[in-house]
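Read top to bottom, the protein sequences are chains A and B. Following the numbering used here from start to finish, the first sequence increments by one per residue and tops out at 246. Following the numbering used here from start to finish, the second sequence increments by one per residue and tops out at 392.
Just to be clear, a hint being listed does not mean it is correct.
[As the list claims (entries may be wrong)] Sample of chain A residues with no beta-carbon within 10 Å of chain B, all distances over it, derived:
1) I24
2) G27
3) K143
4) I150
5) G176
6) R217
7) G222
8) L224
9) G229
10) Q230
[Stated by the list, open to error] Straight-line C-alpha distance at most 20 Å; calculated SDA-like pairs for lysine to any residue:
11) K282/B / G26/A
12) K381/B / K282/B
13) K282/B / A184/A
14) K143/A / A184/A
Just so you know, the hints here were simulated from the structure itself, not pulled from any lab data. Computed from a predicted structure; not experimentally measured. Even glycine gets a Cβ: it sits at the ideal position worked out from N, Cα and C.
Each chain, written out:
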Amino acid sequence: MSRGRDGGWRPEGSAGTLERWAAILGGTALGFAGARRGSWALAALGGGLFLAGAAGVPLSSPLRRAALPALRREPTTTQATTQANVTVAVPAEKLFRHWRNVRHLAALFPHLDAVEILSDTESRWKAHGPGGVPVVWNSRIDKVRENELITWHTLEGADLPHRGIVLFRPAPGGRGTEVSLTLAYHPPGGAGGDDVSRLFGVAPEQQAREALRCLKRLMEVGELPTIDGQPSGRGESRSRTQEVTG
Amino acid sequence: MRALCWNGVNDLRVERVPDPTILGPQDAIIKVGLSSVCGSDLHLIGGHVPTMRAGDIIGHEFLGEVVEKGPEVTRLNRGDRVITVSIIGCGKCWHCEHEEFSLCDNSNPQPAFEEAAYGHCTAGIFGYSHAFGGYAEYIRVPFADTNCFRVPEGVTDEQAVFVSDAVPTGYMAADMGSIKPGDVVAVWGCGGVGQMAMKSAFLMGAERVIGIDRVPDRLRAAQMKAGAETLDYSRVDVYDALLAMTGGRGPDVCIDAVGMEADSGAPSIKGLAIEDLYDRGKQVLRLESDRPAVLRQMIQCCRKGGTLSIVGVYGGLIDKFPMGAAMNKALTFRMGQQHGQRYVKRLFEHIEKGELDPAYLLTHKWVLDDAPQGYRMFKEKADDCMRVVFAP
Chain A
1 MSRGRDGGWR
11 PEGSAGTLER
21 WAAILGGTAL
31 GFAGARRGSW
41 ALAALGGGLF
51 LAGAAGVPLS
61 SPLRRAALPA
71 LRREPTTTQA
81 TTQANVTVAV
91 PAEKLFRHWR
101 NVRHLAALFP
111 HLDAVEILSD
121 TESRWKAHGP
131 GGVPVVWNSR
141 IDKVRENELI
151 TWHTLEGADL
161 PHRGIVLFRP
171 APGGRGTEVS
181 LTLAYHPPGG
191 AGGDDVSRLF
201 GVAPEQQARE
211 ALRCLKRLME
221 VGELPTIDGQ
231 PSGRGESRSR
241 TQEVTG
Chain B
1 MRALCWNGVN
11 DLRVERVPDP
21 TILGPQDAII
31 KVGLSSVCGS
41 DLHLIGGHVP
51 TMRAGDIIGH
61 EFLGEVVEKG
71 PEVTRLNRGD
81 RVITVSIIGC
91 GKCWHCEHEE
101 FSLCDNSNPQ
111 PAFEEAAYGH
121 CTAGIFGYSH
131 AFGGYAEYIR
141 VPFADTNCFR
151 VPEGVTDEQA
161 VFVSDAVPTG
171 YMAADMGSIK
181 PGDVVAVWGC
191 GGVGQMAMKS
201 AFLMGAERVI
211 GIDRVPDRLR
221 AAQMKAGAET
231 LDYSRVDVYD
241 ALLAMTGGRG
251 PDVCIDAVGM
261 EADSGAPSIK
271 GLAIEDLYDR
281 GKQVLRLESD
291 RPAVLRQMIQ
301 CCRKGGTLSI
311 VGVYGGLIDK
321 FPMGAAMNKA
331 LTFRMGQQHG
341 QRYVKRLFEH
351 IEKGELDPAY
361 LLTHKWVLDD
371 APQGYRMFKE
381 KADDCMRVVF
391 AP
């Protein structure tokens with residue numbers, strides 16, 4: 001979908017009114033210019049443009065895509081492995097302690113319902129997919145280096161098999177701590193990152209980035225800024241990110 | 001309460017919406033006393049910013065009274081007369097600590113759009129499309145301790161309301177120019193922000209300030225109120241005139257207070273400038289989102305080694321940007337949305353000392369119900385309108 005000049009949504013595959021008129025008028029001008037100069041190529045191009053405009057063939061969006069490859073940043077990580085990075089203006093010890101208490105992690109992932117501690121290294125995770133479908137896995141911490149890193153992997157029978165590593169290192173210039181979260185979703189039994197998208201309706205990259213953003217905001221300002229519940233002229237007060245980015 | 005809602009391109013209506021409530025512990029609710037139009041609203045109203053949704057409440061420059069506050073707000077009390085900086089800082093992140101409030105990491109609740117389009121997300125802004133957070137002006141302020149400022153006794157409501165946005169934006173434009181005594185400063189755009197940039201440039205030691213516009217009453221106000229010399233770009237060639245006025249050097253500092261909907265006044269055929277036709281055509285085809293006529297002119301006109309300071313708003317992509325001229329002339333580019341929180345105290349001091357009086361920007365004071373007509377008048381620059389200010 002793309003946003004039209006009228007602010008409404010329309011399918012990507014059709015041309016807007018202004019674009020059509022631009023093509024029709026431009027095509028007419030080119031056609032006449034070509035005919036006058038005896039340039040049939042130019043006249044044909046003008047005619048083509050005129051017809052495209054009249055038929056509403058989209059011209060600008062493919063052109064825009066070809067001409068402006070850097071218009072929107074595309075995710076670079078593969079579906080199977082995803083990484084997110086953020087700098088948080090607090091010392092590594094504080095972040096490490098927060099993450100080490102895995103119960104805290106439920107607040108970072110919106111689809112996580114609860115994290116139950118089974119032992120010092122094992123925990124049981126309960127999440128929900130669309131329609132409230134339960135997604136459950138057990139997880140074991142492999143390696144812990146105080147204030148530096150934590151790695152973990154899911155145990156046999158997990159609904160969402162994956163491995164994870166979170167790294168903490170001091171940011172230069174006294175800017176706090178650089179946090180890096182890498183999640184690897186792996187078969188067998190699963191289709192890698194596609195599982196995350198299917199189960200939770202978000203791309204793995206976005207999920208990891210949002211989790212670190214929540215961590216940063218909770219650590220730095222102690223709340224997650226929101227506009228949920230603020231008034232608008234829409235007669236309801238709901239608002240979610242995907243509605244403006246989708 | 002009633003609020004001014006955007007329902008589509010050039011479709012504004014005053015509507016009844018629910019009262020805002022405290023949503024976070026650092027929020028405050030402000031009962032708006034005065035709110036002002038702003039030139040940057042026009043980009044939103046005209047549909048040039050893609051993340052507006054029908055029903056969004058617009059407006060971001062306001063003064064009011066604290067009527068409610070969250071448990072973690074410590075610096076404000078109920079009944080305080082405050083202005084709120086239009087761009088929201090959390091007060092805690094690295095950028096806020098370094099007084100770069102418009103780059104705040106944490107205040108934008110909908111960061112995904114900006115991250116995809118700009119590579120990073122910047123601060124949330126009141127009433128300024130969902131890319132910048134989708135906040136409504138009326139009237140909940142997050143991180144109120146950072147973003148609300150008590151208005152001193154000696155400053156009137158009509159002076160204070162513009163310290164939300166127009167004054168600090170103009171002041172920051174001059175500040176980014178690193179103006180030195182003896183400098184000649186040229187300001188493109190003689191609206192509220194442009195005129196505040198002119199006044200600020202003088203306060204910082206500029207010897208001459210030149211304002212550029214085409215609207216007669218704005219040129220007159222720039223002359224009479226801001227003390228600038230003026231150029232009407234629809235009548236003179238801006239490059240020739242600026243070089244003639246500066247002994248061929250060009251201005252030391254060039255300030256853009258126009259932004260993405262600029263017109264060039266370039267050579268024209270039957271009144272239609274070729275440069276403008278080119279940029280408007282590309283805008284219609286969505287091959288370019290912003291019209292950079294002012295940027296091109298500034299790069300041409302600026303003294304070698306001079307500084308370009310950009311506070312006029314841009315949203316996306318521009319075309320035919322004369323990078324070669326900019327690089328070989330060793331120009332410095334400074335730009336950004338205002339870090340108002342950095343300047344508010346200093347600005348109130350200037351106002352109290354009588355060195356700066358933004359109240360003259362207020363040419364019309366209307367009731368909120370007339371806001372749609374007010375915006376139309378402001379957009380069409382009719383009736384010598386500089387700023388319409390609404391009272392509920």
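Hint numbers contradicted by this structure: As far as the earlier hints go, 5, 6, 7, 8, 9, 10, 12, 13 are violated by this structure, in ascending order.
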